[in-house]
Structure formats: structure tokens, C-alpha cells
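Engineer: Single-letter residue listing:
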Amino acid sequence: MIELKQLTKDYGTTLAVDNLSLHVAAGEIYGFIGPNGAGKTTTIRMMGGIIEPTAGRIMISGIDIHKEPVAAKKMIGFVPDRPFLYEKLTGMEFLKFVGDLYNVDLQHLYRKSEELLKQFSLWDWANEIIEAYSHGMKQRLIIAAALLHDPKVMVIDEPMVGLDPEAVRMVRDILKGLAAQNVTVFVSTHTLSLAEDLCDRIGVIHKGNLIAEGTVAELNLAAKTGEARLEEVFLTLVREV
Amino acid sequence: MKNTAWTLLTPRLLSARPGVQNSRRSRFFFFLFIGLIFWTGAFLIFYRVLTYFQSVQDFGDILAIKLLSMMIVTFFTLLLFSSIINSLSHLYLSRDLSLLHSLPVSMVDIFRSRWLISAFDSSWMVVAFSFPVFLSYGLVYHAGIFYYLITLAAIVCMCLIASGLSSMVVLLGAAILPAGKIRTLFVILGVMLAVLLVVVLRMIQPEQLVNPDSFASVVLYLNSMQALSLPYLPTTWITDTVRFALKSEWSGSVLNLSLSASCVLFLLFINETTAGAIYFRGFSRAQTTAKRLFKPVTFSGHSWEGLFNFLSRPARAFAVKELRSFFRDSTQWPQLFLICALIVIYLYNFSVLPLDRSPIKTVYLQNVFSFLNVGLSAFVLSAIAARFVFPAVSMEGEAFWIIQSAPVSMKTFLWIKFFLYYLPLLFLTETLIIASNILLKVTPFMMFLSVLTIFCLVPAIVALAVGLGARYPDFKSENPAMSATSFGGLLFMLLSFGLIAFVIILEAGPVYRIFMAKLHGQALSLTQIIRLVLSFSFALFLCIFAVFYPMKLGEKHLLKR
Chain A
-2 MIELKQLTKD YGTTLAVDNL SLHVAAGEIY GFIGPNGAGK TTTIRMMGGI IEPTAGRIMI
58 SGIDIHKEPV AAKKMIGFVP DRPFLYEKLT GMEFLKFVGD LYNVDLQHLY RKSEELLKQF
118 SLWDWANEII EAYSHGMKQR LIIAAALLHD PKVMVIDEPM VGLDPEAVRM VRDILKGLAA
178 QNVTVFVSTH TLSLAEDLCD RIGVIHKGNL IAEGTVAELN LAAKTGEARL EEVFLTLVRE
238 V
Chain B
509 MKNTAWTLLT PRLLSARPGV QNSRRSRFFF FLFIGLIFWT GAFLIFYRVL TYFQSVQDFG
569 DILAIKLLSM MIVTFFTLLL FSSIINSLSH LYLSRDLSLL HSLPVSMVDI FRSRWLISAF
629 DSSWMVVAFS FPVFLSYGLV YHAGIFYYLI TLAAIVCMCL IASGLSSMVV LLGAAILPAG
689 KIRTLFVILG VMLAVLLVVV LRMIQPEQLV NPDSFASVVL YLNSMQALSL PYLPTTWITD
749 TVRFALKSEW SGSVLNLSLS ASCVLFLLFI NETTAGAIYF RGFSRAQTTA KRLFKPVTFS
809 GHSWEGLFNF LSRPARAFAV KELRSFFRDS TQWPQLFLIC ALIVIYLYNF SVLPLDRSPI
869 KTVYLQNVFS FLNVGLSAFV LSAIAARFVF PAVSMEGEAF WIIQSAPVSM KTFLWIKFFL
929 YYLPLLFLTE TLIIASNILL KVTPFMMFLS VLTIFCLVPA IVALAVGLGA RYPDFKSENP
989 AMSATSFGGL LFMLLSFGLI AFVIILEAGP VYRIFMAKLH GQALSLTQII RLVLSFSFAL
1049 FLCIFAVFYP MKLGEKHLLK R
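Just so you know, the sequences run in chain order A and B. Last residue of the first sequence? That's 238 in our numbering, and every number before it is there in order. Last residue of the second sequence? That's 1069 in our numbering, and every number before it is there in order.
Across the chosen pairs, the derived CB separations fall in these ranges:
#, chain 1, residue 1, chain 2, residue 2, range
1, B, Gln795, A, Asp147, 34 to 40 Å
2, B, Asp604, A, Asp147, 40 to 46 Å
3, B, Gln795, A, Asp161, 18 to 24 Å
Keep in mind that the hints were calculated from the coordinates and are not lab data. Cβ atoms here follow ideal geometry from the backbone N, Cα and C, with glycine treated the same way.
Okay, chain B solo, but in the shape it has when bound (with noise of 0.2 Å):
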């Protein structure tokens, strides 16, 4: 007999097929050459690691397997949230499913199909970017073929692990949580990831690694962490698997793996005979009448609008409806929860910074660390924009036809987006950077020139973006937010940092000129004025051209579709 979830997932296998459009290949390449770069730089960072752990006596061994140990819980954990967003959509909220639903299949069919899909598209990223770490590994410690076969088939049983416990919370959620409000998983899911980060990146204290004087505490830290390592956990299993395979131990490994390979087993047992019971209830629930998290704002014609009355009306309209938009879509909360947490991290790292016990002296230090914040603030800054400005025009959907018809011009609609996410991001940006230049305790010169910076390249940015986002539209997917990581989102980020790396390579120069000259109680020459001038009029030229020639693209691609 066929088998029937094979059947169902034959769609999603024929449209996987490569397409033969050129525009296609050409991004399907410049995908695979981008992931390239990356794994070969994972590679080379773990290859270097472990080779200078196995050079540390005594303790490079330990060192080696608690970070094999530490990447193993943090690959799980991805794998568990990313499970636990795509079980969400797979198998609740796609718009092919109530199709899939009216057809004569059994639940149990449409659960394991959609599982499977669901467990590919959650794991196959964090699978292929974990293959540099394991590499390395079997390199440093020269395993053998064993070693290899054993620890992909260790992969699976993880990932298979992650998307069977994560299922079965989403099975379990959707019967329990009323219908619509499903998404509020989201929520509480983002916040919690939030505060897991802010928790473990602080509870790590990086920083201490650059005083001797914790050296004990690293070595108190090490020994407490073993202590976490329960035999309980699927990713002790998948760690012992590979830690036994590495020093060529079969037993103990193929022990461990069997240990996991029956957890996949009795995992899907239970997703399948609970997904019999109770998944097309939770299906059905989702899909009743949508309904927000808090209590509607009634309309009183003067709530949000008041906010913008120095706009003028279409320009207010878009403003009004992007904000209503955007606050009641609850899956765009935990954004905004990890952002802040993002920042709190950064803030705080500028303020333990050990610059009074450097050798260097602290004025210069404090003034390179404040030239390094300027870029490191405009990435943070690229980095959200990446996710919320870039699919701005995309969050239109499939009702770009509105705009389209009303009697606003294309340029009026995509200058109106960038002033939208202009002046919230200059605002961020710019008390970014005077709150950590003020924890740095920079030069007046330094805070006006990281100000000045930041001002110049927060318009060009956000135009970027919105330009870019227009240029490479996605009005048909489902979430769009995820545009960030198409082809376009990904050029947005190359162009992005380039444009960065750009005006800080021309401002670095002449800055550290003025740095010295003023160290040595010089003046600068007629020659270095005249340098300093063209650096920085080029750097202001890269910034104006960035902000119109990509909003031209942008508008000129949406009038011609």
C-alpha cells in the first residue's frame, strides 16, 4: 500500500526542485557562496580553538569537551525553539492546511508529515552550521570514519529529539490554549528566550576571562558546570555519543546513541497516538475567529492620531495604520523583547570594561573603544533594521493593491516609511552611542564625531533598507518579517556593512591624525586638512548617495511590477 504521509509530502518535495530562471540559480549561488564563508570561518575558529586547548596541559581535554558539551545544549536549545515556531506554523497556521484537512487521510498522516517537514525546516540550518564544530573536532583528535558516521547519526537523533519534544508542547498548547491566541506562545516563548540570553551571557562573565586574578573562579566554574551534566538529558546522551566516539570508545557510544535513537522512537509513539487524540481539536480551535491578546481600543477617531498632527494626512494615515499594525501583532513582541535585551548586554559590556588595568594607556584606549562603538552601534543598528525596516514594504502583503491605487505617489508612500522607521532608529542609535561613549568617559571630540557619525549614517541605513525592501518585495509570504533573510535581505546586510566598514576606513585616518597631533601639541598640515576634508566629504557623499539611489530603485521596481 502507498503510504499516504510519502503522498503528502510530494508537494513539498516537487516545489523544492530547483527553478530553472537564471535570476534563480544566480541566488541560489549566491546563497551557497555566503553559507561558505561562514562554515569555512566556523571551521577555522573551532579548528584554531581546539588546537590551542590540546596545547593547554591538563586542562585542554576539559576545556575541548565542555565546549563540545556547551555546543551541543546551545545547537539543542536553537533546535528547540526553532521546532517549537515551525510546529506552530506547520501544523496550525498554514494556509495549505485546511486543503490538506478536507482530504480523506488519516490525522495520524497529516501529523507525520507534517512533522517531518517541520523537523527538516527547523534543523537543516543549525545541522549544516554545526558540521564545522564536529569537523574540527574529529580533525583535532584524529577520529576515524567511525567517528563520522556515528556523530551525523548522533545530529539526527538530536534534532529528531528537539522537534518531537517540541511538537508535543505544540500539540499539548494548541488543545489546552483557546483558539486564536495560539500566537501568544510567541510571546511568552520570546520573552523567555530574552531573559534566558540576558541571564547566561551575564552569568558567563566573559570578561573575567581577561583577569588572571579569576583564573580560580574559571576553574571553580568548570567543575560546578560538570556537575550540571545530568545522565537523564538527551544532550548528554548526544554528547557522550560523540565525546566516546572521539577517543574511539564503541561501547559507551554506541550506548549513548541507542539511547537516543530510542527516545526518537518513543517520542514519535507518543506525538503520533497524542496527535490521534488531539490535533485536529486544537486545529479546529485555530481556526475560529481571531482574537487579540488585550481588549480592542475602541475607535474615538483621536487616539494615535494626535501623535502626528504635524503630518500631513496620507502621511499620518500610514503612520497611524503602522503603528496599529505593527502593536497588535503580537508575533512582533518578543522582537522588541530581544532587542532591549540585546541592548542592556551591550550597555552593560561597555561598562565592565577592565580599561584601567590595560597596558595601553586608558585616553587612547578609551578613544579607539569609542571609534569601534561607532561601528559596532551602526551594525546593531543594521541588524534591526535588517528585521524590521527591510520588510516594511513587504508587511503591506497581499493589500500593496490599496496603496497602489490610492492617489499617493509611490515615492510619497516609500519616504513616508523611511521617516517612520527614520526617527525612532536615529533616537535608538543615537542614545546608544552617547550612553556607552559616556561609560567609556571619551573626549568631547570623540562623543561630537560618534554623534555626528551615527547621524549621517542612521538616514542612510534606513534608506537602504526601505529601498532594498522595496527593490526585493515578498508580498505573498506568509510572515514576512522572515523577507530579513532572503536575498535581498542578505544584500541589504552585505551593502550594509560595507557601507559602514566604508565611512569608518575614510574617518579612522584623519582622525587619528588629529589624535596625535593633539597628543603632541601639533597643528595639522596643510596636507592633512585637505585629506581630512576629502575623507569626510566622501564619507557624507556615501551617506547622501545611500539614502536617494536606493529609495530611487526601490520606487522605480514597485511602479513597474
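Only chain A is shown next, with the shape it has when bound in the complex (with noise of 0.2 Å):
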């Protein structure tokens, strides 16, 4: 569960979130939509604990980030939306690496990143450093590093950068996957058909505000647009602000 109360974020000369709150229940997928500054990567950085909120609350299954931090990312499989990552080790020891700090039982870490390297066809390469990929196939091993600890919600910045048509299949299939094991997942993308197909619940930010929120059909009322595609309805409701 995802919750962010008055959440906003000023950095000065900009403000890039606004006073904004909403609540997204376990085993949802919320899409969070949006024009480029809109404040959708600011916001999934402020959840994912990278940068410190100016006021507002976030609650990840009901603990505070701010308060307890490292808890809250316990809970969390965290994809930025650049896939930049330690290029002098190799995709197996980043892996390690990263289920050493999730303290992930040994056992399991080996069992699962040979598992996940697999499924995202990088097992051939686990060995290689990672200064040696391609970008999608960082992108691919950073989606695995952050499903190595079973995280109870997925926090993710354009999951789809980079990827092959067969991994954006997969990708989906897997966040699919995880709803329905009541696993929270919110996504933020500008791809809209994905996100049409995908999320239970779209929220549409712009200039840091959330202006409107709902399924489909829901944004389709508030934006008077009929049973128009979910393009058609963002358009509408970023012209009308």
C-alpha cells in the first residue's frame, strides 16, 4: 500500500510537486501519467527515498519513509528511470550486492538470481561486468535487482526504456504477476497504451499537481470525452489546465 499525503517538493526556483495526495491499495497497478516536467520522476523519487520531500508525508504499507527509512525501503523494489549501475562488476555480483543490502537469505539470493537473470535473458552474460551491455539489458537486470528481495511495492520510472518488444511482453506480464499476488505497483510512463493496458488506476500530474484520477473510464467522465483512448483523454485534460 502506497499512501501520499500533501506531499510536495520545491526546489527553489521550481515547484515540481504541489500539495499531493492519493492512495494506491495493495495489489493495485497505479500509472502515473504526465508531460515531460510535470513532476512524475520528482515524485517517484521522493517514494523511492532518494530525495527528501519539502513537506507531505509518504507511507509505505503504513511506515513512514521519513521516519523510518530503512524500513520503508525494505519494502521496496525501487527501477529509476536510467539504468545506471556499478559498471565494473558483473550482472551476478551486482545482484549479490544488492541482496546483501536487503539482507536477502543467502539461499534464496542464488536461487533467485540465477531464476531472474534467466527469465531476463541475461544469464549468458552473468558474468561479464556491466560495463559490457547494451542499455536494455541494464534495464533488465536493474528490473531484476529490484524484485530480488520480494518487495512489497514496486515503485517504478519507465519500465518499458529500452527494452526489446519480447522483454516489454514479459515486464508487463511480471507486474501483472505481482498485483495478483497483492504486491502495490505504481508506474510512471509516458508510453499511455501501456499504461491503458496495464494499471487498474491512472493519475494524470501536471505542472505538480494531480488534476485528475480514476480508471479509464473514469478519466474519460472528467474529461468529457466520451470512450475515447486514454491519448485522447490526456490530451484533453492537460489543455484544459
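Taking the hints as your guide, dock the two standalone chains into a single complex.
Structural biologist: Shown next as C-alpha cells:
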């Protein structure tokens, strides 16, 4: 479960997120969409504990990330928008590193690492240094690392960037599978067709404000667009603000 | 037609515009201030030395010209190494090269623009710090405006020749070496530089200069050095240009300057022709998958981990990651060789100190040297910490999000970094101080005091480096190790030197009194004991403060990012 309460991030010159409140239930897939510079990545980075909010609270499975950051982060599987990794480690070493940080049981860690590397078609590259990986391979490795400790909450920024069609389908199936296992999934994306297909509910952020929220049907009602596709709904909502 | 190479330079020129932010402006003035101090210091030293040379009959001029020749050879060598490293980076490794090569411009234009940037980047500092040398020569020899103009032109030629030769080496090297192994050059160069440094320093045998018996050999040495001035070397042309200009022999000066200038044009022509033929091939190779110099160690789950079984799992994970990243980065290795070379020279110099020939009592001198040795060892430690510990947080680079999102507190992260560097540096510095004290044959009291002082200073300096490295991190740098020369790096060096000086000053007074009391067979008075306790307590307090405050400062900054 994720709960954002009056979340604000002011960079001094820019108010990136303005008094944002939302709630995502356990087992729900929540899509977070918005134009460039709307505040999506800032929100996600605050949820991942990477940047500190100026005001407001973030609750992860009932734990306040500001008050108990270590406990809250243990619940989260975080995937950033750009796959920056420790380039001099091998894929397997990176997973071991992440597993150690999350205190994953060693037996489980080795078994799951192998399983994930095979699932993400990285097994043959497991002992190669990450420096030699392509952009897509790094992205797959980050997603694998985020799943390693069986998170209760997945926070993902642009999950499909750099992935090939097969990997896109696989990630989509994995996220659906996680939701079925009661994992909360929060996805920020520009791929509106993916959001439409994958998400139970969608939030539209613009200029740091949540301007609309709900299922695609509910968003259609709010935008008065009938039964239009999400793309049309999104453009209408953003234009109106 | 618009010059394409010039257009390619505009992003660099525009981004060099002075910032408007107050913090940037204050940093600029801070750097300027530090630079001016060094500049003035260098000028005063050279002016003093040259004035002294002028007072030496017969040998004065020979010594001055020999010094000039040595300075030019040193500048040229520095320029060569600096240019090779800069050329590699600007021609093959920079992130913006992919964009540049996708533009509809010729290879020669790309090469020319990058070569100019590289020549500037590798030369400006050497040029800036060579000015006090040439200025002091001009003033001592009462040279006219022509000397300054022609010397300026000679310096420009020297920089361009060094850059031209370096880029030629890099162009050929990148075409010959397999892609991904281009950094091997760094390793080779590092080892070469370290060996060269040791050999040159030992060849000069500076300790002989204090021994009057060796004066005849110094003259012989000077004579033999004169024989090394080969007429076909660019450094000889540059030296002769300046030398003749000093004596107002214009024809000789202009002839040598013309030789240098024609060499520049020749190198530029050769470089551009070669670049047209092989630059793109080398660049393409550099884009392929990175390969390691040595066969990777396959994952077994028990490699480095076994060494750190006593640590908690997150701490062990950090330690293993740090070691793997460090030893797999071949650009780090030359630095290690250099440190080893410096330590060998450091210890060697203590072993050849002519203590027995000094008119001052040997026991006294040994103890004074031992005390100075504490300061020098701590300075060596500061230099190592500036290069390796200060950039430790920045070395996380863009992957720092992993630490931020991991269930490990920032405090734990920083303390793990601290202990990773503290233990090896404590071992290194204590070994250095004990070994040098054994060579100095100091008293057990001085040995104990040195070991204890270093034991307190090491954690303080390491924490200062980790803490300030976290306070002034640079996660976006292509080469985080360079952060040692940033504002934060300089601040660390200043504070570290200040701390060492304070601790030494606080200890020096009481130690002198203990020493004198022992020498005269007297006991310390109560006031002296109180002063001693207060001084040592304050020194200890400073070290403890230096451990905790910077770490807290760094943690706070990383959390607020």
C-alpha cells in the first residue's frame, strides 16, 4: 500500500510537486502519467527515498519513509528511469550486492538470482562486467535486482525504455503477476497504451498537481471525452489546465 | 565560409562563460586566491635562487642556464604526459563524441577542434605556473620587452609541440591497440612515470649537495649534463630561444623560435593527415564492448567475501563492491605505482640523511627529524586521502541512486566508506612512521609519540576526506578521481594541512620541554605538566572533532540532496 499525503517538493526556483495526495491499495497497479516536467520523476524519487520532500508524508505499507527510511525501503523495489549501475561489477555480482544490502537469505539469493537472470535472458552474461551490457540489458538487470528481495511495493519510472518487444511483454506480465500476489505497483510512464492496458487506475499529474485520477472510464467522464482512448483523454485533460 | 572546427569549439567556449551564481563566483575567487599564493611563492623562490646564482663567481650563469634547461625539460615532460591523457579523453573517451561524429563534418575538423581543446586543457596550468619562472629570469637578467614577447611565443610553441607529439602517439596507439584496451595506455604511462621519477630523483642525489666533498662531482655532473643538450630536441630550441633572448642575442633567439614554430606546423600537418586516415577507425574501435585487461574472476560467491566475514552483510557488500570496482578500473593502478614510488623515495631519503656529519648533537637532531617526520607522514597521508578517499563518495557516480534507495542509512554508508579506507591507511602510515623512525634511530619516547599521534591523525584525516567528499560530491563527472582538484578537494587539503599543523604545534612545546628536562636530568614542574596535559588534550579533541563533524556534515548534505 502506498499513501502520499500533501506531498510537496520545492526546488527553490521550481515547484516540482505541489500538495500531492493519493492512495494506492495493495495489489493495485497505479499508472502515473503527465507531460515532460510535470513532476512524475520527482514524485517517484521521493517515494524511493532518493530525494527529501519539502513537505508532506509518504507511507509505504503503513511505514513513514521519512521517519523509518530503512524499514520503508526494505518494502520497495525501485526502478529508476535511467539504468545507471556499478559498471565494474558483473551482473551476478551486482545481484549479490543488492541481495546483501536487502539481507536476502543467501540460499534464496543464489536461487532467485539465477532464476531472474534466466528469466531476463541475462544468464549468459552473468559473469560479464556491466560496462559491456547494452542499455536494454542494464534496464533488465535493474528490474531483476528490484525483484530480488520480493518487495511489497514496486515503484517504477519508465519501465519499458530501452526494452525490446519481448522484454516489454515479459515485464508487463511480471507486473500483473506481482499485483495478483498483492504487491502494490506504482508505474510512471509516457507509453499511454501500456498504462491503459496494465493499470487499474491512472493519475494524471500536470505542473506538480494531480489533475485527474481514476480508471480509464472515470478519466473519460472527467474529461468529457466519451469512450476515447487514454491518449485523447490525457491530451484533453492537460490542455484544459 | 564559416570555419567548421571553430563552430565545433563553440559549445566548449560558451560553457566556459563565468557563472552567475554567487557560490560559483566565490569558488572562482577561492581558486584564484590559492593560485596567486602558489604563483607568488614560486616567483619569490626562483627570484631568490637566481639572485643567489648571480653572486656565484664563474658558475652563476652556468647554473642559471642549467636550471632554465631543467625547468623547460620538466615543463615539457609534464606537458607530454598531461597531453597524452587529455588527448585520449578528448579524442576517444568523451561522452559528447557520439554526437560530434553523427554531425555532417569532416574527421579533420573534429580532430582539429578536439586537439585544440586538448592542447588548451593540458597546457594552461603548466603555462600559468611557468610564468613566475620566466618572469624571475627576465627581472634578474634585466631583459627588455622583446624577451617577454619571444618567451611567450616560445611557451606557446612548447605547448603545441607537446600536444602535437602526444596526439600523434594517441592516434597511432588507438589504431594499433584493440578497442576497449585504450586505457592500457594509462597503466603503461603510469608505470613509466613512476619509474622515471624514482630514477631521476636518485640520479640527482640531492643529499650530495650538502656534502662539500662531492662538489667536484657536482661540477662534473653539470658538465656531463651540458653534453645532453641535443640540437634536434624541441626543448633545446625552446631553451635556446629564451637563453639568447635573455642575453639580447636576437638572431639566435629568432632562429630557434622559427625552428620551434616550423615544428608546430609540421606536427599539425602530420597529425591532420594521420587523423584523416585513421582517427575514425580508432574512434569506432573505442565504441565497442569494454574488455578487461585480465581475464575476469568468475563468480564463486567466496572470492573477496571471505576476507570480510567479520563485517555485517551490507558492510561486506560495500567493501567487496569497492574493492572490485577499484581493482578493475585500470586508470587507478598507475596511481598506486606512484604512491609506492613516493614511499620508497621517502624512506630512502631518511636512510641517507647525513646525521653523523651535522654539527648539531645527533640525538637532538634525530628527535627533531622524528617530530618533523610525523608532520611529513601526515602530509603524505593527506595527499593519498585527497586522491583516493575524497573522491570515494563521488565514485558512486550516477549509480548513487542505488545507495539512496537501498535499506541502508546514509550514516552507515559513510561510516562503511570511512572504515574501508581507514584501516589500510592506518596500516600504511604507521608502517611509514615506524620504518622512518627506525632509520632515524629515534628514542623510544619519540617512537611512541609518533605512533600515537599518527594513530589519532589518521582517522581525523580520513573522516575529513570522506565527510568533505560527501559534502562536495560530483556524481556526474566522467572522471570522479579528478574531484580531488575541485573546490572541495582543495578545501580538504587546506583543512587537513591546518589540522596537522595545529596538532604538531600543540605537541611541539610540551615535547621540547620533556626533551630538555630529560637532557638536563630535571623533573617537569606542575605548570609544565598542566600545560602538557592541556595541549595533548586539545590535540586529541581536535582529532575527535575532525572525525565526527565532517561526517555529520556530509551525511546531512547527502540526505538533503
